[in-house]
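A.B. asks: Sequence:
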Amino acid sequence: MSTTAPEPTPERIVPTVEFLYPTNGSLVVEGTDVQIELLAQDTHGVGISRVELYVDDIPHQEGAPQISAAVTVFTVDMNWLAEGIGLHALSAIAYRPDGTASDAITISLLVVATDGDNSRATNP
Numbered sequence: 615m616s617t618t619a620p621e622p623t624p625e626r627i628v629p630t631v632e633f634l635y636p637t638n639g640s641l642v643v644e645g646t647d648v649q650i651e652l653l654a655q656d657t658h659g660v661g662i663s664r665v666e667l668y669v670d671d672i673p674h675q676e677g678a679p680q681i682s683a684a685v686t687v688f689t690v691d692m693n694w695l696a697e698g699i700g701l702h703a704l705s706a707i708a709y710r711p712d713g714t715a716s717d718a719i720t721i722s723l724l725v726v727a728t729d730g731d732n733s734r735a736t737n738p
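Residue 615 is where the sequence shown starts when you use our numbering, and the numbers rise one by one after that.
Because the hints were derived from the structure by calculation, they are not lab data. There may be inaccurate statements among the hints.
Ranges of calculated distance between the beta carbons of each label pair, as one might list FRET restraints [what the hints assert, rightly or not]:
no., residue 1, residue 2, range
1, Thr728, Asn693, 14 to 20 Å
2, Leu724, Gln680, 18 to 24 Å
3, Glu632, Ser682, 19 to 25 Å
4, Asp670, Leu634, 17 to 23 Å
5, Ala718, His658, 15 to 21 Å
6, Ile627, Thr720, 48 to 54 Å
7, Ala703, Ile681, 26 to 32 Å
Heads up, the beta-carbon is just placed ideally off N, CA and C, and yes, glycines get one too.
Put together the whole structure using the sequences plus the hints.
C.D. replies: This is the structure:
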């Protein structure tokens, strides 16, 4: 009696995204226009068609390649006006044209008062 090995489940390969700047845990002065640099990659698929940025789980900004409908490596610059003293979560998700999403990546930024009085800082 011959048995065949079961077919292995194919590994799910999705796009990736990472924050190049700012770094997780950075302090930001309230009212600062924070420059955000993201790197999205899709070396096993058709490429990245867009990247979405969320602030505290609320959609904030979206970026797409200008040279093509999708690219395998995509660096995008975005910005966020730091409002609200306390800890804020910035998340990013990259997408292929067919809607396949990367896993979300999240960093935390601590927004501090301009006068140095951070006694009001709280977690949202």
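A.B. asks: Check the structure against each numbered hint from earlier and tell me which ones fail, lowest number first.
C.D. replies: 2 and 6
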